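Number of protein chains: 4
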Amino acid sequence: MSDIKAVTQTHIITADCPSRPGTVDVVTRFLFKQGFYINEIHSFVDTDENHFFIRVEFRADTETEFNRESFCEQFEQRASEFEMQWQLASSPYKSKVVIMVSKHDHCLNDLLYRYRTGDLNIEIPAIISNHPDLEELAKWHGIPYYHLPITKETKPEQEAKVYQIIQDCGADLVILARYMQVLSSEMSKKLSGKAINIHHSLLPGFKGARPYFQAYDRGIKLVGATAHYVSDDLDEGPIISQCVETVDHSYYPQDLAAKGRDIECLTLSRAVRCHIEHRIFLHGNKTVVFAK
Amino acid sequence: MSDIKAVTQTHIITADCPSRPGTVDVVTRFLFKQGFYINEIHSFVDTDENHFFIRVEFRADTETEFNRESFCEQFEQRASEFEMQWQLASSPYKSKVVIMVSKHDHCLNDLLYRYRTGDLNIEIPAIISNHPDLEELAKWHGIPYYHLPITKETKPEQEAKVYQIIQDCGADLVILARYMQVLSSEMSKKLSGKAINIHHSLLPGFKGARPYFQAYDRGIKLVGATAHYVSDDLDEGPIISQCVETVDHSYYPQDLAAKGRDIECLTLSRAVRCHIEHRIFLHGNKTVVFAK
Amino acid sequence: MSDIKAVTQTHIITADCPSRPGTVDVVTRFLFKQGFYINEIHSFVDTDENHFFIRVEFRADTETEFNRESFCEQFEQRASEFEMQWQLASSPYKSKVVIMVSKHDHCLNDLLYRYRTGDLNIEIPAIISNHPDLEELAKWHGIPYYHLPITKETKPEQEAKVYQIIQDCGADLVILARYMQVLSSEMSKKLSGKAINIHHSLLPGFKGARPYFQAYDRGIKLVGATAHYVSDDLDEGPIISQCVETVDHSYYPQDLAAKGRDIECLTLSRAVRCHIEHRIFLHGNKTVVFAK
Amino acid sequence: MSDIKAVTQTHIITADCPSRPGTVDVVTRFLFKQGFYINEIHSFVDTDENHFFIRVEFRADTETEFNRESFCEQFEQRASEFEMQWQLASSPYKSKVVIMVSKHDHCLNDLLYRYRTGDLNIEIPAIISNHPDLEELAKWHGIPYYHLPITKETKPEQEAKVYQIIQDCGADLVILARYMQVLSSEMSKKLSGKAINIHHSLLPGFKGARPYFQAYDRGIKLVGATAHYVSDDLDEGPIISQCVETVDHSYYPQDLAAKGRDIECLTLSRAVRCHIEHRIFLHGNKTVVFAK
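Protein chains in written order, with UniProt numbering: chain A, 1 to 292; chain B, 1 to 292; chain C, 1 to 292; chain D, 1 to 292.
Hints may contain errors.
Chain copies aren't distinguished; within one or between two, either way the pair holds.
Said to hold, decoys possible - Derived lysine-lysine pairs resembling DSS-like cross-links, with alpha carbons at most 27 Å apart: (1) Lys-286 x Lys-207; (2) Lys-292 x Lys-259; (3) Lys-103 x Lys-190; (4) Lys-139 x Lys-103; (5) Lys-259 x Lys-94; (6) Lys-155 x Lys-94.
Note that these hints are calculated values from the structure, not bench results.
None of the values given here were measured: they were computed from a predicted structure.
The following block holds chain A by itself, in its conformation from the complex (with noise of 0.2 Å):
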């Protein structure tokens, strides 16, 4: 396919680096010159680490075609000159998703609904498990399915094969939708800022295995989850979206995790959305979201 793209896609540029005067001109007036329309910037400076962000959405004017090469060949000498890190998307913006499950399928059965129906603007060229259970909903969505049992034993290997439909797959993002495995630090280091996992409990209230047992066991009056990047340290990833619910005494571990499987699908559909449309800055140990 050509670089040259129909005059009514939009694109969305993303950069940050370190604060100084001229970080947004180096953005917009680029972005003036060469011809665009910006329809949304937003931007934000971290002023205890002096660093700036900014997401523009643009489209191009009428009678402007948009040729990727010279766009980023040009934009990038102004940026080299900011210390800028960048990306550039064009629309249809279709990410590439690979969703990992175990048993529990709310999540799965969430995101594929989202996918079947557009809501979720994704293509899904993989459902890997640990487990054979889920097989059937993936087949019926016509997506293939990945039986990788694992043991102690067998980590390695596994994660291997895993890293490698994920390579094969030209994947964007791994969702982690109730994998139920804690991935190896040199996975997690791989998967870095591509991987979504959610953790069913307001963290990090809550940590490690049976959120809604220990909840229960605390007595809480609010039951939550919270999706996050995948990191080395188990739960202590970087947050990306958090919701919860009120609960009361008469909730039982079980009625917890009742109610906590539809607030498990909310916060992860919408980490996931914000992912996709390229609102999420990975920022040391925290992100920069400028959510819808």
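Take the given structure of chain A and dock chains B, C and D to it, following the hints.
Okay, now just chains B, C and D, sitting in the frame of chain A:
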């Protein structure tokens, strides 16, 4: 004052005991036989602990007069068969509340407003602080203000004075409205089930000091507060109520604190309301709250 | 099947009657005398209407067997003295639910997921639609799909067919899961208290057609949904549950609709859960909902 | 006072104009050329109306001094080419706010607390009421209180006096904090975009008088409040913020009102904060709000 009250008076009986058949009937049969209307009834059985809780609001029929002494004597006969712990409160249910503060005045201001307008049905015989700052606010509301400074050395002595005031007032409840001091183990025990603290995080996340700074460092997307009964184990007391608001990367600790102030006020006043309306049962390290 | 059930069975009795002393005792005394445990009890007196409502979950003692016929006969004797309307449900409480849809599938998909996983304790003997679009979804779940097109002229005939299916199924509940057709006055009356509709606005705001467009034009900052019992008066039926999410100026009608879809699913499933758990009383044009 | 301010000063420029390429660049290029840092930037294009909105927070570089007159003169040259309407505000951004009240004091009390503690960065040169009741509260905060009774006959005269006070104060904003009087069409027009009202329902539901009673009659499950700019068309003004809380059947009108008071305070203070931080654009009958 006589024990005979006007016929439009309402009453609240709260009781708990080991679960077995007939625990509801003990209360409802008695009230029926005595000719009372039941306005509202809540019960709960903790099936893990096999324990029963009940709260009943009732009112005398128009031809009945209320003799508290006789009521209690007769009810105890039935209740004792079931090893039932119970309390009876009669309208106008005006609780005596001692408020303890430090320098932050948002929770105090909120409680005083609710007191002044009757939104919270309380008397405030004393405000106690280790600092003189909030005296003027107390004075404007016509409430005695006790300035009792505290140091590591004078802590036992100061706490003794505090406890004396609480005793002298006949306080039903002590509210630590951002008191910012850890009560001694001895004091915590004395006030067990009678002292509510507001912690400015979603416990068990961010225990201890400066939770808004901890929350900022962790990059959380929800800021919250927790009202709990004071216990010997700091920040581990039984949770009564929890509330949250959404935040994002642009919230520095002072912004979290600003948003948090509103949440602290709401969370604390809800817990206080539940307590003075006899809606809370202390149950090991948890609470049963029959919230409206 | 015999009326004698296993001893671990639980039951729910719901009742309402004019308020007077002894209305609770009617239920609780009877249950005690029959040797039942009460798991949970909720009551409410509408003091404006002077009407009493009660819901009790109870279970047989280990040595007792449950004879439904005998229970009902004996209870009716007491209940009739109080002009009490009452119902008895016994576990496993599996309700028969007919779902009606048009072309939008988000609510249907959500209900089917909850059905499939047992999150909603229901059977779905039929899905009825005026369009053929969602047949495949029904089929995958093994549920009969009735395609009954409707025009202005064929409406009486179509509704007769629909009603026949509902009757034949022995349905306890009909869910209009974005059916997009206004039921006739006659049909509404036949289904009174047995049909739940989801309206995609916070009623009474934005009644009628295209509520997300109306909401957009008005510039609202919260988008919501309302689940209500179907009544003869369009969009005026008794409200069961309402939920919202925050939005801002950047939400065009299609964005409101997208966010609204999640809210519609949650709002509808909550209403359905309350109904099948016998937590709702229809009370004139309102509901009393003893929600968990 | 000189137009030359200290170098640590920050500024906010807000602007809107018909959408076309270069609208962002107009602002960002100018600020860059003048040597300013941009702290935060938000823009939005209403593609239905083809209109552009932008808000930029910026600060002078350490070696630059701020000459307001010169800034405005030069910026206007560029802005006028784009038919841009714009405003410039400079720290400390202290807005002058006149508050109008009747007898309900919860919103006033909340605003005064936020004023007193600096949470809202405002001066309050006057509180105006048609009743004398809240004078003491005003006095304690050292704020002049104008008691201007109103009758059908004296309304034009009273409004003239009110407007005179607003003019004399140089007020930037008028807050109707439960003023309970409908402003005349003339007065509404004079205060267009400068007066915020709090309505105690989720508009457009329950317009007009006694919304909590209307809400009770309708049996709603969410109670809410709406802050909006005053317009000639009662309860139809542009919405700024809306908040809700869940309620159930047990809430009588007075209970809805009690819960509503907290929501009204939060909703109003959020709208006021957005206004004084120059985050709101009035846009026909809607608002664009770049909320934090």
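Against the structure, the hints:
In this assembly of identical chains, the alpha carbons of Lys-286 and Lys-207 lie at most 27 Å apart whether taken from the same copy (17 Å) or from different copies (20 Å). Both within a single protomer and between protomers do Lys-292 and Lys-259 lie at most 27 Å apart by alpha-carbon distance, with minima of 25 Å and 11 Å respectively. Taking CA atoms no more than 27 Å apart as the test, Lys-103 paired with Lys-190 passes inside one copy only; the shortest distance there is 25 Å, against 43 Å between copies. Taking the shortest Cα distances, Lys-139 and Lys-103 sit within 27 Å of each other both inside one copy (15 Å) and across copies (23 Å).
When the C-alpha separation of Lys-259 and Lys-94 is checked against a cutoff of 27 Å, the pair qualifies only between copies, where the shortest distance is 20 Å, while the shortest distance within a copy is 31 Å. When the C-alpha separation of Lys-155 and Lys-94 is checked against a cutoff of 27 Å, the pair qualifies neither within a copy, at 31 Å, nor between copies, at 43 Å.
Hint compliance for this structure: hint 6 is the single one not met.
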